[in-house]
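Peer 1: Protein chains in written order, with this note's numbering: chain A, 58 to 193; chain B, 58 to 193; chain C, 58 to 193; chain D, 58 to 193.
Warning: the hint list may mix true and false statements.
Listed next, the in silico DSBU-like pairs over lysine-lysine satisfying Cα-Cα at most 35 angstroms (straight line) [to be verified]:
1) A:K135 - D:K118
2) C:K161 - B:K157
3) D:K118 - A:K145
4) A:K125 - D:K161
5) A:K125 - B:K135
6) D:K145 - C:K135
7) B:K190 - B:K135
Source of the hints: derived by calculation from the structure; they are not laboratory data.
There are 4 protein chains.
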Amino acid sequence: MSYSTFETEMAVRPDDIDFLNHVHSSKYFDYVLAARYDQMARCYGFSMENFMERGLGWVVKEAHIEYKRPLTLGDWMKVQTRVAEFCKDGVRVEFVIVNKGTGKVSSTGWCQYTLVALTTGRSTELSAEMVAKYSI
Amino acid sequence: MSYSTFETEMAVRPDDIDFLNHVHSSKYFDYVLAARYDQMARCYGFSMENFMERGLGWVVKEAHIEYKRPLTLGDWMKVQTRVAEFCKDGVRVEFVIVNKGTGKVSSTGWCQYTLVALTTGRSTELSAEMVAKYSI
Amino acid sequence: MSYSTFETEMAVRPDDIDFLNHVHSSKYFDYVLAARYDQMARCYGFSMENFMERGLGWVVKEAHIEYKRPLTLGDWMKVQTRVAEFCKDGVRVEFVIVNKGTGKVSSTGWCQYTLVALTTGRSTELSAEMVAKYSI
Amino acid sequence: MSYSTFETEMAVRPDDIDFLNHVHSSKYFDYVLAARYDQMARCYGFSMENFMERGLGWVVKEAHIEYKRPLTLGDWMKVQTRVAEFCKDGVRVEFVIVNKGTGKVSSTGWCQYTLVALTTGRSTELSAEMVAKYSI
């Protein structure tokens, strides 16, 4: 069994560039986050706002990235993400960032996210509805 | 005499949001910068890369902003900029950031940019070609 | 009548540097913000947390900056701020950022801050206690 | 054989905080980067500037992080890093970020850095001097 891959396009912003003249390494995680927010609303039909209305939020528990080819000023990218697997209180999401101009992979990696109660910060189980929405 | 206003659309990124749940105040300047880069290439036909090929870059000399209504997570904006006036070694650009969803003004302001030689950091005069390209 | 100037020292972080090899222009506002937070707690004795406990926060209404000499990788700075004047629902703070190594001014400017209720975002009057604490 | 662990103290900046009221996940990598820069100059005696004078720079090839306890507004941290192992053209650095106030671990992880020629971006071998300097 495997889950759908979704894609979000976005542009490098000039403030993302560091003194080595390419996108600063930690910004790639911000691109993944932006793509997930977009896809949660647009592709899964259960947005970050839907979680927050229920007093819930997502935090990153673990993250991993491999840098292949840097993005630079003026580049556009495709951020592809997919659910790799569920656990009781979270989900592992794999990502690939592709340079739209060259079609080549810029970076790959994954993030392990945990669902938490916003008031306590404690992890909480995904409901059946959430798992269903994200199992497409 | 007045110059053209150009517009760039972009989305708020989740990493732009601060602990007050709206876009962090300094990020609005990054939106203006991103819009100018886009418009330099797309609207004026003389891009940042064109300046850099000539050993030149732009630095901010002075900036001013008024915050009217905050942008928040999930918002899209229109960043409108126009050349207000030229001086020998620079240009004053006025901007308006409009919330695309509500049509209301989020912030207004201006930036005074100076053209500099990248190797020395010293200000340098705009060429006749540059003034012509940016006088539309 | 004039108010005290306070000073906070901090270091440029590598992620503050942009592709022109100096501190990115919008980051100077983040330095001012960091200095104010430090000084609110350490110098005025009425911290951001004290405001938040009362359901209040500060938002920037207007900001102005003049860039004199860029900070670069490895620099330390002194961020000096002082209350310039009070209004009913806010305060104008002037700042000077000094390069600690050279002793020269890197940038100057001011921020007009408005006190807001965190739940509504609406401006609210400063209490007599707040004015007293910040009138030193 | 094992290498020395060095430590750099720094404060959370208000602009590091995201809408979940704690330090934004990608910023932890920026703390590690800042700590390495400090330690390269102060502890190893072969600074980033020393590499750049030789036309060399460091890029991140791979990174991994586990988030244990979030840092929040006002926190100070100790960023501890150590060389875990060398390869021909790079080095693996392990890090631990400790909340200075509580003494508890906030996050742990590692970064695989590659030495590159700044003009070409191509990886290049560490010299004997570099290995010696970083083998303490």
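Peer 1: Each hint: holds or not?
Peer 2: So, going through the hints one by one against the coordinates:
1. A:K135 - D:K118: 20 angstroms, holds
2. C:K161 - B:K157: The given pair, whose Cα atoms are some 42 angstroms apart, is violated under the 35 angstroms limit.
3. D:K118 - A:K145: Judged against 35 angstroms, a Cα distance of about 32 angstroms means the pair holds.
4. A:K125 - D:K161: Roughly 34 angstroms separates the two Cα atoms, so the pair holds.
5. A:K125 - B:K135: Given pair K125 of chain A, K135 of chain B holds - Cα atoms ~33 angstroms apart, limit 35 angstroms.
6. D:K145 - C:K135: 41 angstroms, violated
7. B:K190 - B:K135: 23 angstroms, holds
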